[in-house]
Amino acid sequence: MLLEYLDVFISGMTIGSVYALMAVGLTLVYGVSRAFNFAYGSFYSLGGYIAWVLMMLIGLRGGYFMVFALAIPILMVFGYFTEKAIVAPLRKRSDWEVKVMMITLGLALFMDNGYQVLFGPRMKSLPPIMDGAIEAGGIYISNQDLMIFILSITGILAFRWILNNTRIGMAVRAVAQNPDGAQIVGIPKDKIFAATFGISTVMVGAGGVLLAQKYFISPMGGWDILVKSWVITAFGGMGSIRGGLYAAFILGLLEAFVGYWFGLNWVLFALFAVLLTTLAIRPQGLMGKWG
Amino acid sequence: MKKLNLFVLMVAAVFTFAGTGFAAEVIKVGVPLAMTGPYTDTGDNYWKGIKMAIDEINESGGLLGKQLEPIRFDTQEFAPERVMQGADYLCGKEKVDSVHAGWAGWGQDVRAYGKYTAPFFADDGSQSAVEVFKSNPEKYSNIFQLTDTDINQAKSMFRVLMALPYEYPNNKVVIINADDAWGMGVGDTLEKSFKEKGWEVAMHEVVPYGTREWGSVLTRIRRVEPAIIHLEIVSAQEVITFFRQFMEAPTDSILSYGYSIVPREVVQTMGKEADGLIGEVPTAMPTPVAPTPEAQAWVDKFTKQWKHQPQAGSWAAYSGVKAWATAVEAVGNEKDHNAVCDYIATNGYKGETGWWKWDEDHVMRGGGDVPFGHYQVQDGELVTIFTDPPTKPYKDFKFIKPRWIK
Amino acid sequence: MSMNWKSMSAFIAVIYGIMAIMPLFVGDVDHLMHILIMCLIWAVVASCWDLIMGFAGIFSFGQVAFFVIGAYASAIFSIDFGINPFFAMLLAGTVAGGFGVLVGLPCLRLKGAYVALVTFAVHMILEPFLKSGMGRAIGTGGSMGILTIPPLELFGISFTADNKIAVFYAALVLAVVCSVIIMLVIRSFWGTAFLALKDSEDFAASLGVSGLRYKLAVFALTSFLTGLVGGFYGHYVGMLSTRMLGIDLFVTLMIMLVLGGIGQYPGVILGAIMTVGINENLSALGSYRPMILGAMVVVLVLLLPDGIIGLLRRFAFWKTSAGEKAVTGGVDNN
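Protein chains in written order, with this note's numbering: chain A, 3 to 293; chain B, 200 to 605; chain C, 47 to 380.
It is worth saying that the hints were derived from the structure and are not from the lab.
Accuracy of the hints is not assured; some may be wrong.
[Unchecked claim] Quick look at which bits of chain A chain B covers, simulated, 3 or more residues with Cβ under 8 Å:
#1 9 to 18
#2 118 to 132
#3 219 to 229
#4 261 to 268
The beta-carbon is built from N, C-alpha and C at its ideal position, and this holds for glycine as well.
Based on the provided sequences and hints, a complete structural model is requested.
Here you go:
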């Protein structure tokens with residue numbers, strides 16, 4: 003029995019690490035600029051399709067290292083200019099928050115169906131990042147899951163390091179805390195907004211590459227990711243990266259144990275029950291600063 | 200606004216004229232399929248079969264000397280009003296003389312198209328669609344189902360599982376199905392069949408689409424160590440992730456995938472990795488060797504035209520068009536919908552493998568010349584090991600014990 | 047901000063007036079009549095959405111869910127309890143309104159994207175719920191849906207899908223009534239209160255405008271009307287399934303809003319009619335249709351911030367103090 007719990011626990015941690023990587027980008031953008039990106043799931047798929055084009059269509063050598071090396075700059079540029087093109091012009095308006103939700107929803111529809119036109123409705127697959135499994139005392143962990151866990155955590159740590167130790171990272175934090183103040187001291191606010199969007203695109207897109215090799219890529223596959231990320235960021239507190247991390251692992255474990263005790267059909271109910279209860283007690287989420 | 204109205208009127212006028220002006224030259228055929236959304240892929244399979252049949256007829260001089268003109272309609276996600284709109288558009292406005300669908304609404308379609316008279320072919324494979332038909336057979340006499348129901352398919356799966364040349368180590372089964380009408384129908388029927396036979400249904404799990412993390416379910420499965428695991432989710436990502444996660448520490452279980460074996464990606468993605476999986480396809484064209492030379496010629500032609508093997512549904516939809524065309528030839532007037540429907544219902548149609556016969560519920564029941572096909576993945580391809588009913592091995596192909604069973 | 051009473055009524059009267067004579071031209075084309083009926087139904091749903099999002103400033107994303115709740119409730123009342131469909135519709139509206147209040151309650155303390163999430167959560171949970179054992183227990187038919195719903199019958203007329211002209215006029219009456227109610231709300235003290243709340247909640251509170259009460263009331267009202275129309279839809283189409291909860295309908299409604307202009311009532315009515323028209327015309331294009339719709343949203347939000355109404359106003363059809371207040375960045379908005 004204990005062994006089973008351990009098994010489920012590991013499964014929950016695997017899910018949690020994936021969620022953490024997904025949610026961090028969403029919470030960052032909301033924290034810095036209060037823009038809610040509905041196309042987040044489509045950016046996830048974008049990462050997957052970039053990897054597919056590089057590996058399967060062009061036949062790029064060098065494995066996943068090269069894929070990440072090429073995909074990250076592409077995603078960064080894509081995110082940066084998407085913000086410049088469709089989000090930034092809306093900032094001037096009074097009801098810009100809802101407009102951003104709508105325009106990104108439109109973008110999501112455009113992108114998802116664009117994938118369908120370009121790549122066809124059927125799913126695409128990538129070779130696994132690593133084969134085999136580790137066995138220890140009756141517990142099995144596939145190397146694939148292990149790699150996802152390690153790379154997710156590495157990605158998040160790298161991201162935190164950038165945020166805390168680089169000039170751009172500090173500028174991002176300054177804008178998040180006080181946009182006008184930041185501008186007064188000479189930080190280009192608009193560029194930071196766009197850069198933040200770019201970084202978040204990299205986070206979710208890299209997550210897309212990482213997960214595509216386990217979960218595959220399909221045109222509408224991003225919706226699930228958007229919903230889960232949304233729940234996690236709201237639960238953890240929108241804008242709080244640490245909150246998002248805790249939330250990701252809590253909800254990952256919740257998903258695994260609810261699935262184990264009650265069945266997978268109850269996972270969604272449980273997620274929302276926990277979310278609503280949390281928001282009823284703490285409207286700003288676990289660690290959120292914004293209302 | 201006024202311009203819009205004018206536009207609508209003009210469009211309406213043009214179509215009205217078109218309807219009367221060209222009716223003599225072409226026969227319109229309605230094709231309502233999912234062209235967008237989550238069902239695009241299945242819609243595509245049906246379309247390829249239908250297109251092939253229409254092209255064939257047109258190339259050989261048409262039907263009663265007239266060319267067939269397919270009119271497509273995007274059923275999107277099968278919302279009720281969308282299904283109804285399809286019927287109103289194709290039958291009401293375009294006045295088509297037959298409608299060829301695939302998955303079409305699982306009962307909603309019967310109601311929508313039953314209002315009209317044009318023969319309607321669907322591939323719902325659903326008992327609820329049959330129930331709607333039975334509620335008023337007179338009114339719905341133009342509805343024809345190309346496949347047997349979920350219940351009968353599940354019963355066939357059960358019969359074949361019981362007939363496998365394999366000694367089950369215990370009498371425990373785990374059933375996992377999606378929460379859609381198809382999955383529920385198959386899952387519930389299987390549960391009943393297993394219980395009647397004295398098996399223990401150790402787990403019956405209903406899961407939502409999009410499930411790709413199976414850890415918590417597999418933990419329970421590994422405790423149960425069932426002799427059979429049946430999975431019924433018609434979506435490749437779910438069933439491939441299940442298989443791969445299962446294989447990390449497999450139990451001595453036969454993996455029965457039912458209709459979930461159908462999405463082409465399952466075999467394409469996994470190749471030989473999928474060896475050992477078994478599954479079922481109704482109104483199927485058995486592979487790798489077709490039962491008759493005509494059938495083999497059909498498979499070859501399809502593969503040549505579309506550059507891949509036919510998938511479930513393509514042949515059924517193709518045969519629907521051919522069955523209708525045969526009836527129209529016999530009746531001699533495509534406009535006499537009642538006579539055409541009567542002809543199909545009483546005479547059936549002789550296809551590549553033999554006779555298609557619709558029963559009194561206008562369902563093409565599995566069996567006879569068009570049985571259910573039961574497959575096993577062998578050497579990375581789907582190989583027919585059984586046909587049913589009656590349950591009998593197909594040609595010389597044999598069931599092979601999966602490699603993960605000790 | 048928006049039009050005055052007179053031009054608003056005139057606008058609505060013209061749109062519905064033109065709609066009313068449409069059956070003279072296309073009354074015998076079932077397919078077009080169906081599209082017109084759906085125009086009216088979506089016009090009401092989108093109007094309710096505009097009321098709650100555009101005027102009350104609440105990011106409610108649960109409108110489709112309330113529509114489906116109303117549709118199922120009305121169907122279940124009329125089938126399982128034998129209640130006359132007309133009263134079943136009213137009851138269904140009440141049920142949806144009750145759910146609206148339930149959903150509204152936790153939203154009172156929340157803001158922005160949180161409200162969007164909580165309301166959208168209702169949408170997402172609804173499908174698994176309707177399909178589940180609980181759903182089947184209350185008569186939703188599970189994943190099969192409900193396939194035979196009795197039609198609305200009034201004054202000896204049966205409003206079935208076979209009698210589209212009758213259904214059309216019933217829908218028109220319903221749409222006019224709903225539009226008038228929404229217009230009254232916008233033009234009443236409520237409307238002013240909402241505008242005050244949207245601009246500055248603290249200031250409004252100091253004037254004695256309680257945000258909580260008005261927000262709950264608008265949740266109740268919009269979900270009541272949406273649920274009522276949902277009931278009407280169910281009795282008209284005669285069947286229901288959870289397939290309405292796909293993303294397609296949700297986005298289509300949003301396009302109506304964007305096209306008509308958010309908070310520019312009654313522009314959304316025109317938005318609804320145009321969106322349905324465009325959607326139909328693009329239908330043959332397959333996957334390009336949603337692609338074009340998505341691109342349309344992007345372009346419209348960027349270029350037509352106030353939708354069609356904004357465009358009309360730019361050509362000086364109406365003299366109003368334009369609502370394009372510039373607020374520097376939204377981050378410091380709070």
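Coverage claim, chain B over the segment 219 to 229 of chain A, checked by counting residues with Cβ within 8 Å (three needed): The restraint on the segment 219 to 229 of chain A holds, since 4 of its residues have a Cβ under 8 Å from chain B and three suffice.
8 Å C-beta test of the segment 118 to 132 of chain A against chain B, three or more residues: That given contact holds, which follows from 5 residues of the segment 118 to 132 of chain A lying within Cβ reach (below 8 Å) of chain B.
Assertion that chain B covers the segment 9 to 18 of chain A - criterion: three or more residues, beta-carbon distance below 8 Å: holds (count 7)
Cβ contact check, 8 Å cutoff: the segment 261 to 268 of chain A against chain B, three residues minimum: holds (count 5)
Checked against the numbered hints listed earlier, the structure breaks none of them; every hint is satisfied.
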